[in-house]
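Got chain A; can you put chain B on it based on the hints?
Protein chains in written order, with my numbering: chain A, 1 to 115; chain B, 116 to 995.
Hints were generated in silico from the structure; no laboratory data involved. Given the structure is predicted, the values throughout are model-derived calculations rather than measurements. Take these hints with a grain of salt, some might be off.
[What the hints assert, rightly or not] DSBU-like, lysine-lysine: derived pairs with alpha carbons at most 35 Å apart:
| hint | chain 1 | residue 1 | chain 2 | residue 2 |
| --- | --- | --- | --- | --- |
| 1 | B | K134 | A | K77 |
| 2 | B | K172 | A | K87 |
| 3 | B | K172 | A | K19 |
| 4 | A | K84 | B | K174 |
| 5 | A | K77 | B | K174 |
| 6 | A | K68 | A | K90 |
| 7 | B | K134 | A | K84 |
| 8 | A | K87 | B | K445 |
| 9 | A | K87 | B | K174 |
| 10 | B | K134 | A | K19 |
| 11 | B | K134 | A | K90 |
| 12 | A | K68 | B | K719 |
| 13 | A | K84 | A | K19 |
| 14 | B | K134 | B | K172 |
| 15 | B | K172 | A | K90 |
| 16 | A | K87 | A | K68 |
| 17 | A | K84 | A | K68 |
| 18 | A | K90 | A | K77 |
| 19 | B | K172 | A | K77 |
| 20 | A | K84 | B | K719 |
| 21 | A | K19 | B | K174 |
| 22 | B | K719 | B | K762 |
| 23 | A | K90 | B | K174 |
| 24 | B | K762 | A | K68 |
| 25 | A | K68 | B | K174 |
[What the hints assert, rightly or not] Rough simulated footprint, nothing fancy, chain B against chain A, three-plus residues with beta-carbon under 8 Å:
| hint | region |
| --- | --- |
| 26 | 17-29 |
| 27 | 55-63 |
| 28 | 68-82 |
Glycine residues also receive a C-beta, built at the ideal position from the N, C-alpha and C atoms.
As a plain string of letters, each chain reads:
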Amino acid sequence: MAPLKSDLPQGTLDLLILKVIALGPVHGYAIAQRLEQVSRGVVQVPEGSLYPALHRLENRRLLAADWKETETGREAKFYRLTRKGLKQLKTETADWQRLIDAIGLILGMADGGAQ
Amino acid sequence: MNWWKRLSRRNQMEAQLEKELSFHLEQHTAQLAARGIAPDEARRQARLALGGPEQVKEKCRDARGTRWLEDFLQDARYALRTFRRKPGFTLVALLILSLGIGATTVMFAVINSVLLRPLSYPEPDRLVTLHRFTEAFGESWGFSNFDFIDAKRESQTLAVAAWTYAGGTISEPGEPEYVNGRRISAELFSTLGISPLQGRAFRPDEDRPGAAPIAIISFALWQRDFGGARGTIGRTFVYEGKPYTIVGIAPAGFQLDGEADVFTPLQQEQSTDPRMQNRGAHFLRAVARLRPGFGLAEGRAELALIARHLAEEYPKSNAGVSMTAYPLQKEFIGDVGSTLWLLLCAVGLVLLIACVNIASLLLARAVSRERELAMRVALGAGRGRLARQCLTESALLGVGGGVLGVVLAFVSVHRFVAFWPGSLPRAEEVHLDWRVLLFAVCASLVSGLLFGLAPALRVPVRGVEQTLRAGARSIAGGSRRLHSAFVISEIALAVVLLVSAGMFGHTLLALSSLDPGFNVHNVMATRFALSPGALANPEQIRAAWQDVLDRARRVPGIESVALADIIPMREGENSLPYWTTATPPPPNQEPFALASCVTPDYLKVMGIPLRRGRFFTEHDRLDSEPVVVIDDNLAQHAFGTKDAVGKRIWIPALGPSPALVIGIVGHVRHWGLASDDQSRVREQMYYPFAQVPAPLLHFFSSIMSFAARTTIPPLNVVEPLRRELRGAAGDQALYEIHTMEQLVSASLARQRFLLLLFGIFASLALLLACIGIYGVLAYLTGLRVPEIGVRMTLGAKPLDVMRLVLGQSLMMIFIGVGVGILAALAAGRILNRLVEGMRPADASTFAITIPVLVIAALFASFVPARRASRIDPVTALRQQ
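Next comes chain B alone, as it looks inside the complex:
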């Protein structure tokens, strides 16, 4: 008989068991009677010999092997009956649980997709990213083109490919539009292990200077500009003023650090991009795939060897530079990992509080059911059996909450991802898969067990008789202690979340009040693409830019305008090595400074304070002496207390002759309000756009941005500006338009986002803790009604009774707060390490958050306390 049959024929088996045992008793009785014992006595002896019939039956049922399932079904039915009888409790518990499990599941779904799931390339664990390493500056991703070419040629263990950022205006077909682009080496697609959706990847002979211009376009661009038409391969489009032939269409969603629309062969730009010929320009990103039979360690060893050879051969640029490799996945996701884990922890804490809350509610019921349980033990129920019943009940509750939670997670996970500040890497991959479902199932079962354990352990073992006799009046001290422990842990957990939220608030306030180093109001910055037709020769380029500035100045509402290659707090940077003596320091040990190439009005537009000397004027030109302006930090670091104006600085990237320092300006928090203090390069210098050498002008034109100070709200000038700057051919576009206020606020987006979420979690925790305190106190006070009646008969005033109840809750609150503060201090240290700019948990944070909690908790305990004080002693005593 299989277990299913045994289960389905349960009634028949019960009847047979009954029959078998009664047969035994009858036979035994008959035999004893035959020996001359009186029938009644014979029956008694037979029964004694067999033992309690119900106990024997229980053991036989246990022996059947399907016992657990039968019991489970029975318990489940019983639990459902209980839930139906208390719909209010059930609803609240399910609501709390589904919120907790739903939020935890959403966080885990994001973590699973972003951090845990391998990249969607074939054999993703064999993909690595290459880094360069110097003693002075640690690691960075930048590779120079020649280093890349040498590494690719020399490496036996790695198939190396590289790419870099690009972009430009597509002027045909359709309206001119600026698109993001990438320049990729021919091997990139094969290294990643993907092939174009249509057409083909680049061939090695196409990835060289002078080859015919070809491109791979993105799926999105194909849909947008070519309507997804079949014959798109082989068509041409005009990009950066040059006709490109389309040879392939990239798979939908293909990304290289963000989406791009046009992919062109890297080496075709060797003559137009001066960086391509400079071993010191580290602007390529190198990725590689481990060849079959080689591991990461071998790849790294070989890279180190190649780097050593390069350092010997090209000491000027490569001395002290090593190369190493890392799994690509790590690079892909950047630093969102800590934020995600942090949020999962916070959500987990809320879920924990929810569990404790439900546990205390269930426990209250278990205690009032103590008599019932004792009765059942007396009637033959095993202790394990009763504990299992309690656990079944809570597990059902947990699973119910889990199902609702998964539904909740399913509808909200994409909203959450959209809500993420900035761009979440791999956001498009976030979805619920079996791993997330498994997580949700585990979370619900664990929560169910967690809050079911306490009631289950209450099942009486000894002193059944006592419990039965005592009735509901007496309440075991153990239960009261357990209840207090629940409340204390809820309060402690709530303190942790409240203090963390307080720390975020404090941090955000402190960071927002920092001086960014410039006047953020009424400034807009935008990237700008000159017409490809204007890029023919250096004179024309300069004239075109001058024309842009002149036209922009005429737009109503614009006060002053300037060009700059990098804009504070926006992506993009240019750190250059410099020195202050005629003899250069050893290679790769020079100090670095952030270099901005600007036009004379830049200082006025940004409102950066001039400390000494002067800023650039129209007279600083290519044929006059090279000049730079430096910030406070560089002046302090390079020249100490001496006056820096009039000193000289060697900046090899800008030319062989030293530049004259003509002025000192204030430091600008270029890396963001929060991150600037921790950034590696904190010194800044400015050099005039007018002194950019002619061969570099074409390249600079592709990276210059346009900034304007306005007298009206900055975004209001965008439309007139766009019209004014379209150019003769109508193909000059503004893109990535920001106000400086937006950029400053975006630099704190992560902190603000965490504050918001932690604030929500902390309020939830506070609410749950208050419900918990209320429930527990109401219950404990209810049990003490007779005692309070006696006290009042003996002369206690209502105020004394209130004091009694409030004292009890104050005790729990204080212990909880004490434990919570210790835990919060520990949590604060973790936050400090994970979030940049985080202020440590100081006294003021505690001074603000703790009273909020204490007042809320006291308020929650006030209701039961008042109810206790209004007890009528006569009625109370009669209850006994």
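Extracted from the complex, chain A is given alone in its bound form:
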């Protein structure tokens, strides 16, 4: 049975990318893989929109990039978080958490009402 995959909510791709990169410098393919793994195949990350998103974040100076050799000796573009990127990640994470809490509260209240 194919895993049930849903589309990523609007605006969350940037947040996920920032979160992945926060763990340490990493190249594009690895980001794609990690997103795939972490989301356990539940969320569909279209690879085609990954690179435009990376370039956009780089352009907004939330990310910086260096060309480094990988363990296999190939040269790849490694992205890392800038100070600004870290700040952005924190605020966005907090926002997201607040949103989830709020939605959870509303959903929980509906349950309570039914009982």
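What follows is chain B alone, placed relative to chain A:
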């Protein structure tokens, strides 16, 4: 990395993008292969997961942020390549555009300098002009001297100054010459906020009767008569027979309703100018500056209050008179505003037609490029990107036309101003400034967008595959409709301009054929200044004038001569209140009539018809009964059908006792052929110069003009006349010499000027519309060649084919003409309101102009139609 670096390192960034994406693909392929998938299949799956590499690259480039600039440069290069490939099209388009934008820019430059830019005084928005207002006659600028003095003293909100027209002969230094002058109150310079270039303005104690005569001279006079010498301040010159000491030199270009050379203190003339002592003589122009902390509304409220007090105190002259204030700028520019806006609209229409024309040419190209565009969409180009490319191309064309247009405007704006009929207010201030340049830039970009929009919207969205497969053969119905819409709007716009030009032509014809009320041929009129030496006492003045008339009569070629204080259709007027019963009507509700002071031969000189009674003779003198002659209108208005001869008229300005009406003459169109019907004062009366009271003679001598009927061309008598009338001291001068024909023709100058310009614009519009029709039809017919081939194979005759093509164009022409006629009717109403004497757009105007357009349009469509009829069916079919 800033945007410039990103832009300059574009190639490096492209290489890096390529490398990054291929790394991704390789890694993914390798991983899939490691799971045991065959290498080819692994590569396929990796590619599918990533999506089209070019599309991803495009999106990454978009994310870079400098995309627009890169694209713009790329598009610009592409556009320039296209232009180079089609130099003919590019040249024609640039020519049309630069003409359109150049003409629009010239008009805007004039409007900007004359109407929009504030006056060149400090804090110009605080300067106002004062008007008086009566129920019966509305507003007028004239202030009496006493009203001015009272308003100046009473007002807390306004600093008031006044001036009036003057002029006279400067007899020393140099040759005697007549100059324009102004009498100004001491406060005038400080009120306007300017100071003399050298020397000083008048002091209040110098602006009173009996003070030593002093003057400020113009920069021009300083240069002309004193050679711009340093020590001019303090020197004296003889003006009107009196020595004046120069205390100041006005700044260059200083004007008070036109340029003047000599400025003298206003109140010094209290004893010599009877108007200065008369609260009923409204001859001063009052200007004022709002004092700090007060606004226009407060100034007006206070003026109304002052006027009410004056009306209570002096009911005879001031009852019912109110005072108000207006921004000075409005007064300064008069009524040229409507003409200027009218011309800007007309020029704008021409530019619009030019844009439509270029749009249809560009569209034709866009349609034939449809396959190319579809191919590029298939290869990954975004729709917006392609539209932007089309727009870049047309914007470049627009900017190119704009640059040429500004150059054109720069060289021609002063020529245009010089070409203006009469004097354009603030003409010397007209130049191109940043506002005009901004306007030109906007005009070019807007035109560029306007004609680029249609082709840009043609970029295919859906059915790319269909377009690719169909090829150039099929032409979408939408495009044909759009092309027709272009032609229709061009024709409609051309109709508006043609009909407007036709209306002007019709109006001018109608106005020129009006009877001016006098015989315009072989009459000359000139102002004349008696020698100041002859002005000592009334007897001497009368004798001097008689001498002038006698000498002039002796000049060969002169048939009869007369003096008059006002000349028909020339500047200057004298409207006086009158009544026909012994009890006067309430103050400021009397009827007014235009009063001319003339000598007995005036009727003969002007050729005005005598309807009843007699005109003046030598026997109407100061010691005989006061007499007047009235015109048809006054007779009709005051006495109805009854015979007016023998009735009496009270004219307080001419004396307390009533005057006897001795004759009725025809009405003269004094205010000009076009304006006379709309003028406020349409009744006229004449009184004899011989009955002017002695105290007023000195003043009248300064305003009398000299008119002569000649047997030879009138200007030929000027030189002998000048020699004959120089006078014993050689200081009597003729000035402002006109023939009556010139004055009549000048009274229609505005209408003629508008006719000329509208005629030029209309012909341009017609030409552009014809080019448009030709281009569109040639293009549409070209696309139908295979269809026509089929028709001919099936038996259509060349004549049928011509009918087919002409029918198509006739359809467009008729719709265009229909829409145009509606628009022209609307435009005609606007013209009617803005131009005096304008005739409404009547059937004959349409009957003349519309066929011209239809014939021209059909002629333009005839060429493509004939070409279509000569198509060889075999070749045509093979084209498929």
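Against the structure, the hints come out as follows:
no., hint, result
1, B:K134 with A:K77, "9 Å, holds"
2, B:K172 with A:K87, "29 Å, holds"
3, B:K172 with A:K19, "24 Å, holds"
4, A:K84 with B:K174, "24 Å, holds"
5, A:K77 with B:K174, "18 Å, holds"
6, A:K68 with A:K90, "27 Å, holds"
7, B:K134 with A:K84, "27 Å, holds"
8, A:K87 with B:K445, "60 Å, violated"
9, A:K87 with B:K174, "26 Å, holds"
10, B:K134 with A:K19, "25 Å, holds"
11, B:K134 with A:K90, "32 Å, holds"
12, A:K68 with B:K719, "110 Å, violated"
13, A:K84 with A:K19, "13 Å, holds"
14, B:K134 with B:K172, "11 Å, holds"
15, B:K172 with A:K90, "30 Å, holds"
16, A:K87 with A:K68, "25 Å, holds"
17, A:K84 with A:K68, "22 Å, holds"
18, A:K90 with A:K77, "24 Å, holds"
19, B:K172 with A:K77, "15 Å, holds"
20, A:K84 with B:K719, "98 Å, violated"
21, A:K19 with B:K174, "22 Å, holds"
22, B:K719 with B:K762, "24 Å, holds"
23, A:K90 with B:K174, "27 Å, holds"
24, B:K762 with A:K68, "117 Å, violated"
25, A:K68 with B:K174, "24 Å, holds"
26, 17-29, "holds (count 3)"
27, 55-63, "holds (count 3)"
28, 68-82, "holds (count 4)"
In summary, the numbered hints that this structure violates are 8, 12, 20, 24.
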